[in-house]
Amino acid sequence: MFRLEARTSTPAWFNLALPLIAIAVTLVLCSGLIAVAGAGVIEAYGVMLSASLGDSYAITETLVRAAPMIFTGLAVAIAFRAKFWNIGAEGQLLAGAVASCFVGAIPMPGYLAMLLMALVGAAAGALVALVPATLRVKFKVDDVVSSLLLNSVIYYALMALIEGPWKDTFSGYPISPPIEDSANFPVLIEGTRLHLGVFVALIAAPLCWFLIARTTLGFRIRVTGENPEAARYGGINVQRVLISTALLSGALAGLAGVGEVGGVHFQVMSDISPGYGYSGIVVAMLARLNPLGVVPAALFLAAVMTGAEAMSRATGVPAFLSDVIQGTALLSMLVALLFTAYRIRRVGAQT
Amino acid sequence: MSAPLIEMRGITKSFGAVKANEAVDLSVAPGEILGLLGENGAGKTTLMNVLFGAYAPDAGEIMVEGKPVSIHNSADALAAGIGMVHQHFHLAPRLTVLENLLIGIPGRSGRIDRAGGLARLTEISRQYGLSLDPNLPVSALSVGEQQRLEIIKALFRGAKLLILDEPTAVLAPSEVDGLFAALRSMAAQGLGIIFISHKLNEVRALTHRCVVLRHGKVAGLVDHPAQTTSAEMAKLMCGHEIVPPVREASTPGASVLTLDGISTSGHAGTPLRDVSLFVRAGEILGIAGVSGNGQRALADVISGMLPPKTGAMTIAGKIVAQFSPRELQALGLGRIPEDRMTTGLVTNLPLADSMVLPRIGTEAFSRKGLLNPTAIRAFAEEQIKAYDIRCPGPMVRAGALSGGNLQKALLARELAFDPKVLIVSQPTRGLDIGAARFIHEKFLAMRARGCGIIVIGEDLEELLMLSDRIAVMYEGRIAGTLPSADATIARLGLMMTGAGHTEEAA
Ligand SMILES: Nc1ncnc2c1ncn2[C@@H]1O[C@H](COP(=O)(O)OP(=O)(O)OP(=O)(O)O)[C@@H](O)[C@H]1O
Ligand SMILES: [Mg+2]
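Respectively, the protein sequence lines represent chains A and B.
Taking full-length UniProt numbering, I'd label the letters of the first sequence as residues 1 to 351.
Taking full-length UniProt numbering, I'd label the letters of the second sequence as residues 1 to 506.
Hints were generated in silico from the structure; no laboratory data involved.
Derived DEER-like restraints, expressed as beta-carbon distance ranges:
| no. | chain 1 | residue 1 | chain 2 | residue 2 | range |
| --- | --- | --- | --- | --- | --- |
| 1 | B | ARG367 | A | ILE203 | 23 to 33 Å |
| 2 | B | ALA386 | A | TYR111 | 49 to 59 Å |
| 3 | A | LEU202 | B | HIS88 | 42 to 52 Å |
Here a beta-carbon is modelled for each residue, glycine too, at the ideal position from N, C-alpha and C.
Looking at chain A on its own, in the form it has when it is part of the complex (with noise of 0.2 Å):
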């Protein structure tokens, strides 16, 4: 028999063994769906590893896949850490990609223009997680619930945007006008996609490692997510804490957005994010909320979302295997973290 026993300290390298084991466990039961759709398992995973990881041109499309869920990704980790219940990355990544599509489009020179792109998308992001912060430090609202039906109404916000006023008059089509020439962010390497929004985003998670690490701040915000109690007794202003924090997460999630309008798409169309919040919420937890876990945590995302489709076309798996491997990595990596509170002990008959 086996039973649960409260653990009284986390090894250190559980940091690391828990994501793994919880992306081997959901590889193993997803097999199971491959085998069902009547694929070969080995293949179709080889397909999609050769496909992610296989050449340096497939590195630089997982990297670009990857930028915009290592900024939801540390947008919801921090606001985590702070028990602020972001579940709006996606709408604060909208947020962020109209407002720096609309400041894209003003004729500028090229580095003033991204610059007040990056400033203007985070701002409005940053704006947009206000709202549910707001709500909760001042009417008690619940924050998982409010920031999570903000989604809905900036995106139809967008929608009524780009099916009105921004509607492309040729062709009738709902996208934005693109953004100036002279604002596409330059590109990295030649012949790729690989563009200065990917180096950001790689620059921005130790960063966020060291201002949670390091930072007074930082020491706020994990001391309020532990226990807002004490933080108030010990002289911390536990509302100011939550807004700072919101305000934060909310800037980190519109980059997100401003990166895909700078880096790839140029304008914005209602499928510019294919869920790239909610996908933060699954690399924030793979990655136990550490800023430095949100990379790996989104490069494996985006390998299994780059990988899918080429998967889908050589063995007819549908490509929505990677949102079925993304939602059971999720759970995976909950009852994981089980293991860092509990262990599991063999009660044998004993003598």
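We have chain A already, so just place chain B with the ligands on it with the hints.
Frame of chain A; chain B with the ligands shown alone:
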């Protein structure tokens, strides 16, 4: 002697490098009240958790009525006739007394057997003199009544041995007598009881025999606690004598904290009504009173958690403008909260984080918003040494410390900064006498250096020993203030019931 009800043999349990229990033997006979004594962190709670199935021992065995049993969880323990009342209760607040008793008890054909439960409750109440209204929701019960419910719950499930982990720490002195009467009656009817307490006079009054733990091992047995002096027991526990500190006469200076006509509202518990008091430099003011008479609100106002509705407060001659913990701290106020787990510490983060929490924004621990991890760690290490906080180190999870050591950590984090005024609630609750003496000495040393200290407490002996003056709170007011030379336990007791007369000391 009759066969033991419970026998633990060679119990060993380690947490990492810490040996919480090492080859401990312990037995309880039917009808026996066994005292379990030991310093903070000696391993009492751990040993009882092993007996109750919360931890699996690394070695050793447990016998119930001579038969070896293996206990893996609380259900096994209950089945073996072992019941435990933890210091933190496990009750469902919205359910009634009766419903709490019936949780987890299978009724007939899937239905809850209310009538049967009620009959048993009445029987238990009569048998041991433990009465409770079965239809009251738990949220309406006082702490003492909740404890009674926990005891009844254990008896309801057929416990033959009852473990009580520091049951009197949460009780008012008047409630202790009722608890003792019930425990004696249980023992008289053949139940075994294990009683943990740091209050040696209680142990001497109640128990038949004591086991003393030190550093996880049995340090000695006391066969006739009633005939043994507290000093002898203390020596067994700590390994050396404990000398009570002396409060030397002193002349207090100017007032360092003044409350003038403070009233509050919107607070859980009794609000303050027109409270005025002061404490002077080099003086200790005790606040006595039955708990629930506004002490909580008083502590919250002074520590900045609760802005008053009317009235003014002055610290070191400066009027307090905003009642925020940070501003008060900047004025030189040190605060030690009553509830260390919820307001004091962050149990999931390293101990060092909790120790620097109130001053994280100051030069000592950060500069321009950047933390200084070396300084934080050094500070924590220094305090751990200075206050003999027993723990593996500053980076251990604060929640892993024993209750007494948590209290020392909280004291250390305030006293290290030499406050001008100090407000403490129940400073030695849960501390062993050695640690309590240490804290008392610290307070007296602070007083000698000119700090004004307010001690809110229920232990009148402690208040009389420490305080220069004692104010009594009753229904949110100061019922009177006495110089401690004029105060006796009897007189204070009378004032605490609202019967005393007001008398202001100069
Ligand atoms: N869950 C845990 N993880 C790590 N160490 C623990 C844990 N529980 C107890 N310890 C350690 O084991 C030792 C014994 O702790 P225990 O709580 O049994 O002491 P105690 O005698 O009940 O003390 P107190 O009088 O302060 O309640 C202490 O050093 C404590 O730090
Ligand atoms: Mg204990």
